[in-house]
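Enquirer: What follows is the residue order along each chain.
2 protein chains.
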Amino acid sequence: MEREHFSRQFDNELNQIREKLLEMGGKVEVMIANAMKSLVERDTELAERTIAFDHEINTLEMVIDEKCLEVLARRQPAARDLRFITLALKIVTDLERIGDQCANICKRARELNQEPALKPYIDLPRMAQAASDMVKEALDAFVRGDDALAIKVCQDDQCVDELNEQIQRELLTFMMGDPKCISRAMKIIQVSKGLERIADHATNIAEMVIFMIKGKDIRHTIA
Amino acid sequence: MEREHFSRQFDNELNQIREKLLEMGGKVEVMIANAMKSLVERDTELAERTIAFDHEINTLEMVIDEKCLEVLARRQPAARDLRFITLALKIVTDLERIGDQCANICKRARELNQEPALKPYIDLPRMAQAASDMVKEALDAFVRGDDALAIKVCQDDQCVDELNEQIQRELLTFMMGDPKCISRAMKIIQVSKGLERIADHATNIAEMVIFMIKGKDIRHTIA
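Heads up: the protein sequence lines correspond to chains D and H, in order.
Add 154 to the 1-based position in the first sequence for the working numbering, that's all there is to it.
Add 154 to the 1-based position in the second sequence for the working numbering, that's all there is to it.
Everything labelled a hint here was simulated from the structure, so no lab data went into it.
Among the hints, a few may not be true.
Each pair may be met inside one copy or between any two copies, as identical chains are not told apart.
[What the hints assert, rightly or not] SDA-like cross-link-like pairs, simulated, lysine to any residue; straight-line CA separation at most 20 Å: (1) K221 x F365; (2) K347 x S337; (3) K244 x E269; (4) K306 x A257; (5) K306 x E291; (6) K261 x A227; (7) K181 x H209; (8) K244 x V194.
Whenever a hint applies, use it, and build me the whole structure from the sequences.
Expert: What follows is the structure, given as structure tokens:
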């Protein structure tokens with residue numbers, strides 16, 4: 155009876171970690187969407203608010219870290235639960251750095267919004283959506299223990315990489331054609347690179363999830 | 155007696171983790187130095203070897219991760235030791251990604267070495283040295299529990315950021331002056347950005363070390 159109570163409590167604590175991680179993931183998705191919106195709609199006020207919002211992501215990182223340490227210390231979990239908690243510790247770091255990337259994108263948007271638009275943003279929003287989906291799916295794969303979904307995330311990373319390369323090539327052409335474009339084009343390249351890094355973080359999470367599920371490390375074997 | 159034996163064994167295991175982390179750090183430092191050398195001395199063969207060497211960093215990441223999980227499962231450490239091990243788990247991820255950055259720099263070096271040099275590299279080697287020192291000091295701070303050293307690393311990050319901005323400004327001037335420079339300048343900017351990210355990883359490690367020592371989170375309060 156005592157044992158059952160203990161086990162129920164423990165499950166509750168694991169669920170709390172799971173829920174907090176999903177909450178953090180949800181907030182990060184909103185940040186990605188708002189960072190892109192602040193650029194596309196030239197909404198500098200939204201860029202400012204999104205930069206300030208990063209604080210909430212940072213706080214959630216600390217809360218989840220502490221919760222994980224507390225559960226490790228008090229419950230001394232083994233096997234699967236241990237892998238789950240240590241992975242949660244690594245995942246929050248990736249999510250926090252995605253928040254940093256969003257803040258960086260907003261800083262570039264703030265600058266770009268002060269100058270005439272170089273060209274309409276078409277590929278960047280697509281790239282942002284793809285990166286955001288990857289973050290969501292990587293976290294879903296984690297909480298559900300769904301390795302097929304995690305593998306899909308790793309594969310999707312290539313699309314984002316290709317979009318990034320295509321955008322960089324296009325902007326290079328702009329720069330070559332007119333030196334007045336260079337400064338703005340460089341900022342847009344930084345935005346594109348930021349989105350690519352967000353997708354990389356999602357891929358890192360997915361690779362770790364596959365490791366957790368399969369119990370062996372595919373991080374450095376998947377192409 | 156039995157207890158003492160257990161405790162000695164446990165200390166041994168913590169030392170093993172410590173040593174493996176320092177070994178990984180040492181290899182990462184070599185990678186940074188070689189990445190820079192392959193660029194400055196236009197040594198494409200060294201670039202190739204350094205890219206291939208990243209495999210060793212990846213293997214060490216897996217080895218240390220597994221060791222940490224094993225100690226967590228078998229020893230069920232508490233308090234300080236628990237923080238030490240969970241931090242080791244996070245630090246290997248940063249080290250592994252520094253290895254990735256070095257490989258990326260080598261790929262740019264490989265491309266740049268095929269074209270005439272745009273200009274002598276003066277600031278980049280300084281930046282690489284600063285970033286490499288930061289990695290070393292962050293790890294030293296971790297294994298020694300030296301918060302003063304960790305704080306120094308966080309402060310040094312600003313010098314690297316400033317060097318990066320200076321390099322970017324200078325290359326922007328090159329690009330504006332001659333469109334033929336743009337493609338090469340962009341690659342050098344990527345190298346500079348890669349070094350800045352390496353310094354960021356070192357800073358992340360240092361911030362986590364301060365957290366471990368002080369027991370409270372300064373990650374999001376240090377300017």
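Enquirer: Tell me, in ascending order, the numbers of any earlier hints that this structure violates.
Expert: Numbers 3, 4, 6, 8, in rising order.
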